[in-house]
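Join the two chains, each given in its own frame, into one complex according to the hints.
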Amino acid sequence: MIDSQRVTFALPSKGAIAEPTLNFLSDCGLRIDKPNPRQYTGTIPALPDVDLLFQRVTDVVYKVADGTAQLGITGLDVVREHPHDDLVVIHDNLRYGYCKLLVAVPEAWVDVESMLDLTEIALDFRENKRRNLRVATTYTHLARRFLHARGIHHFTLVSAEGAIEAAPTIGYADIIVDLVQTGTTLRENHLKPITDGVIVESQACLIGNRRWLEREPRVQNTTATLLEYVDAALQGREYSQLTVNVCGESAAVIAEKVAANPLTRGLQGPTIAPILGAHATDQLWFTVTIIIQNKQMLSAIEHLRQIGGTQTTVTPVRYVFFEQSPTYARLRADLGFA
Amino acid sequence: MQPPSSADQFHLQQTRQRILKQFSTELAAFFAHLGYEMVETPFIQDAELFLTKAGDQIINRLFTFERNGRNVALRPEFTVSAASLYNMQHPMGDQVVRWQFHGAVFEDDPEAPHQIQRFTIGVELIGQRGVDADAEIIALSARGLDEIGVRNWRVQLGHIGLMRALLKQFNLDSLTERVLLTQLPALHNPDQGKAYVLSMLDQGLLSASPTDEPDHAFTDDMTTQNTQYVLDVLLDATQRGVTMGGRSRHDIVERLLRKRQRATERPQIAAALDLLTDLSAIDAAPPAAIRELSSFIPSSMPGARTLVQEWSAMIDLLLETHLIPETQLRLVPGLLRNWDYYTGMIFDIRDKQGLLLGGGGRYDELTRLVGGDQEVPAVGFAYYADTLAQHLDNQ
Chain A
1 MIDSQRVTFA LPSKGAIAEP TLNFLSDCGL RIDKPNPRQY TGTIPALPDV
51 DLLFQRVTDV VYKVADGTAQ LGITGLDVVR EHPHDDLVVI HDNLRYGYCK
101 LLVAVPEAWV DVESMLDLTE IALDFRENKR RNLRVATTYT HLARRFLHAR
151 GIHHFTLVSA EGAIEAAPTI GYADIIVDLV QTGTTLRENH LKPITDGVIV
201 ESQACLIGNR RWLEREPRVQ NTTATLLEYV DAALQGREYS QLTVNVCGES
251 AAVIAEKVAA NPLTRGLQGP TIAPILGAHA TDQLWFTVTI IIQNKQMLSA
301 IEHLRQIGGT QTTVTPVRYV FFEQSPTYAR LRADLGFA
Chain B
339 MQPPSSADQF HLQQTRQRIL KQFSTELAAF FAHLGYEMVE TPFIQDAELF
389 LTKAGDQIIN RLFTFERNGR NVALRPEFTV SAASLYNMQH PMGDQVVRWQ
439 FHGAVFEDDP EAPHQIQRFT IGVELIGQRG VDADAEIIAL SARGLDEIGV
489 RNWRVQLGHI GLMRALLKQF NLDSLTERVL LTQLPALHNP DQGKAYVLSM
539 LDQGLLSASP TDEPDHAFTD DMTTQNTQYV LDVLLDATQR GVTMGGRSRH
589 DIVERLLRKR QRATERPQIA AALDLLTDLS AIDAAPPAAI RELSSFIPSS
639 MPGARTLVQE WSAMIDLLLE THLIPETQLR LVPGLLRNWD YYTGMIFDIR
689 DKQGLLLGGG GRYDELTRLV GGDQEVPAVG FAYYADTLAQ HLDNQ
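Residue numbers (this note's numbering), protein chains in the order written: chain A, 1 to 338; chain B, 339 to 733.
Honestly, the hints are just simulated from the structure, not real lab data. Check the hints yourself; a few may be wrong.
Just so you have them, the derived chain B footprint on chain A, three or more residues with Cβ under 8 Å [what the hints assert, rightly or not]:
1. 187–194
2. 215–222
3. 268–277
Here are some chain A residues pointing at chain B (derived, C-beta under 8 Å) [stated by the list, open to error]:
4. Leu-30
5. His-153
6. Pro-168
Glycine included, each C-beta is placed from N, C-alpha and C at the ideal position.
Same shape as in the complex, but just chain B (with noise of 0.2 Å):
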């Protein structure tokens, strides 16, 4: 059998298109009514717009192809896209603007060839700081699916930017900081875990070098011991032809020392995944699930204690105006979403059976990231429209 072209399948889902279509014109209507301005974005961009940061998971499913030389993508969603038209609009960063989008993000994924399109919804405000800015963005994810007759939503909430500041207590690089942060769910995972994740690090991030006795990076007699390290490892360089690809030999022996500082790091790294362990672990409504994340606080973190007092408010601040209620709201601090470009609060919205509808989050740094002179605060969402579209066609 043929497998089913990218044409095939969007006309198998003629129902769901129309669902679809409906619910996106109420959504455009709700959005501008609350002023969210309709901005469009190109479909093709510059490949590097989207390569900002190397964490992202869904990097690898970006839908890529040359021209002209030129590497370039198909949106894979709008946030980045927003960050770029706001440096481009308001190279100050001084205006607050609160936009819309929707339309057709690509991704491709080899698992599955032929799901190539998909219909997003996404909300962006940008240039406004604080718990008011956050607290909007989710009350209007919530609200807007009241609007189109979702029923039985489930708000999810965690914050990156929190478990980024606990993680500074362990003093790691940012590569191990970065590979930590995307084990979340292994750890979460009964079947992996605390072990697991180890073991996994034991054989990538902490390896040392194959020329290299475990021991040896142990010892107290460190500074002599890697005086030595480095003359051994520039004499073998040197007898290893000149063939350098780009690098200096400062560079390689630089890189070394750090890989062998990192692999006398595995206490802090197993200190580090314990906290990781624990704050994953928490899963509960709102009052206890502050209480709970706030006992993993050390003291000496005034920055950390300032984080989970914001959130705190932002999440009374839902809760008193009703626009979410307490019963639609789970604290998930372990929680991580598909982009690496988030700073602060992160959420989803699943329904009852765990369906995940939309989702977003805070992400302050990204309008420097693509090229802007200074960061910008912003906060925004984005509907996964075809399985929004699955979710009504069920209901």
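Excised from the complex, chain A in its bound form (with noise of 0.2 Å):
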């Protein structure tokens, strides 16, 4: 199935992170094709040498692990809690499919608001009833060292696959380490997330495969390409294109009154076209395009309606692109490129 000539990208069959990740490619402009859903393959038609393989979350993980996939996207939790030299991660904050890996404890237990209180619990527990604390979690390699990490020693780890958050209601394990959405799941089982009991800020991230990144020319031609898209769409997010008509003596006055304030600068400055023929008035009409960072935008409007601006328009960016995709850079750097 593996081409030697193909790139092969394993994304998320299933879970919480699968459609969002669809969603996400296609809005980076990366469609995915996917002809039948029952099978585990699909194509991306922007990036004609890739091949899809549709797998679960930690199965994502273990294929660019072992190098049967050289690109990936999963979860940056279950990343953390299966390291692997192979495996780097390439871009760690892809903004979707957020959430938390987290200590929580009964709703009852009003006595604890921090992880100081629970190595006392486990002291106690040690003490006074001659057994360890509890802790229900699929994630056993980051709790078990960030418990350690907290002075808390006398734990055991009761691993089970689904329904973590029932085990304290049913009465297997004491406290949980799980992942944590909204926390709704957690107060209808009545449980409490501890402050300062976060383990993993986990959203969706990109990996690839070391070896592959470091040898073969076709994989970091791919990479670079996927970055390019991907850099280039989360970027665009960040901006918004805006064109407002201004009445002026010449392009160059109104350029020096747009320039004059940093926010309607855009990223290089402004791009100023004459309204032809519109007028009955000796007036000059101009229409200035900038690009400006959304969250600028109205401090930006309220400058342009001081020089004069009206009808401001504002349309979406789909992509920036910058001299380079800064992520590539930074792998590039990472694996000791020049």
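Dropping the structure here:
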């Protein structure tokens, strides 16, 4: 199935980030073709060298770590739980699939607010109940490491694959370490998160196989192209294109007024074009086009109004391409390339 | 670049490995000559064995894994294994043994994931009480260095037993005591100090409860207030459903009261921190340090006084017999070691550049902690052979 001339890109087939991943890639201009929903393969027409492989999030990590797939998208929590020398996190901020891996205890434990409280309770269990604190989790590696680092040594990990939140109610665990998105499930199970008990702030991330990335130009090129789309699309979300009509003596005078405020200077400066033949008055009208950051939009529009701007339109920007993909440049540095 | 694997690291240090091999053979012969028998311990043991003390700084680096449902660990050092072996061989706790160990020990440090294995050489003297045993071990650690040609070593001597004894005057619970002792390095750090530690404790150990206004805890009418408070909590907990996770309402209320009690102990804790700050500022040659230290010991604490006298006698013994030159010995009461099982004097040996070559101390409770029927007096030390090889390589 795996053609040595092609690149295998593993995507989540199930779970909370499966659907959002398809939407995300589609928003990046990388529409996915999955001919049969029951099959595990697919293609991206914009990346003709790429074969898609749909796998569960954990299997995405395994497949990329062992090199079966060269690239993959999965959750950061899963990557941290299964560290591997050949695994590189290429982009850890794809801005979807947000969740937290955290420690939660029964709400009835009103004496517990911090991990320090749990440290003491673990000692109490040991001394008074002659047993360990039982922790239900699927994230055994991260849970063990985190608890030890917080001075909690007397615990037993109860591994379970699902319905972790129910463990304290059913009675086979005292506390849990689990993924939380909104906290609704925790509340419904009478659990509460510990404030300083967040182990991983997770979201979707792009991973790659280090050995393939180091040696194989084909994988490097595909990664570069993929990151061009991803970076440009993520950057694009931050900006809008704004056009405004301004009346004035000349393009140069207007340019000076517009550029006087850093908010409306745009990425380089305003583009100004005359509006031809539309006016009964002797005044000249111009259309100013600038690219601005979304978070500064209203202040920018206010400034444009003050210099006589009117009829402002704002259009979303789909992509912003800089000189190079910053993520790919960072990856090359991480891999030790010049 | 592929990070260097454990094996690569191993080969990178060929020279040091050769040095290490040579001096470990020399040391083994030297210790054997003085009556220390070479003993082997298993590489893999139940992780539980190493989890006896919750305050151990090093436990979060224990290399653990699960095997057929059992949590096992690669040995992180020899002392715990020695105590366990002693229990097996001498369950009555009535024999004196002199043991030496050498070999690989392991740690799993997330900061250095490829430095798993280190070489350690250790010596344990179990079953013998008193200052003679302490002096024997310290002298042995220093003489061993002379034997393999390490020059310019310095011994820093501390006493965790004395620090614990002095904290007793503040009537703190065991968790508080333990947390305060782990703050010794912070108290000693000019960028942190007492105010920093106290503000940290306010956020953690000393915070009472979110449903609680801080002044509440300080009122005179504690009994009535607490009864009211307990009732509130019980009612509140009942509303929060039946998910109790293995604790009863009684457990929760009891601990809540303990926590509130602790929040009222802030003045004692501040006073304890003052004392620890003063003690950790001492770093001097023996006679001056003992004088300074004695000034902090209230006459109401004869136990602490005795400890200082014994300690002082042990130091005199080392100096009078010229086992340690006075210029190479510093008293640092605020010294802290990585393992929490120490109960008495503790020490570090460093070279002039401050490189930690070894260290040890007294651990009288360990045999019982690892499952023995009684506490057996014990004292020992270990060399960090890799830093020792590095030192010899530099030298």
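To see whether the hints hold, each was checked on the structure:
Only residues whose beta carbon comes within less than 8 Å of a beta carbon in chain B count, and the region 187–194 of chain A has 3; three or more means the coverage holds. Using a Cβ-Cβ cut-off of 8 Å, 0 residues of the region 215–222 of chain A lie near chain B, which falls short of the minimum of three, so the contact claim is violated. With a threshold of 8 Å between beta carbons, the proposed coverage of the region 268–277 of chain A by chain B is violated, since 0 of its residues qualify and at least three are required. The restraint placing Leu-30/A at the interface with chain B is violated, with a minimum CB-CB distance near 30 Å, outside the 8 Å limit.
Hint on His-153/A holds. Least Cβ distance to chain B is approximately 5 Å, under the 8 Å limit. A cut of 8 Å between beta carbons decides the hint on Pro-168/A: the least distance to chain B is about 4 Å, and the hint holds.
Of the numbered hints stated above, those contradicted by the structure are hints 2, 3, 4, listed in ascending order.
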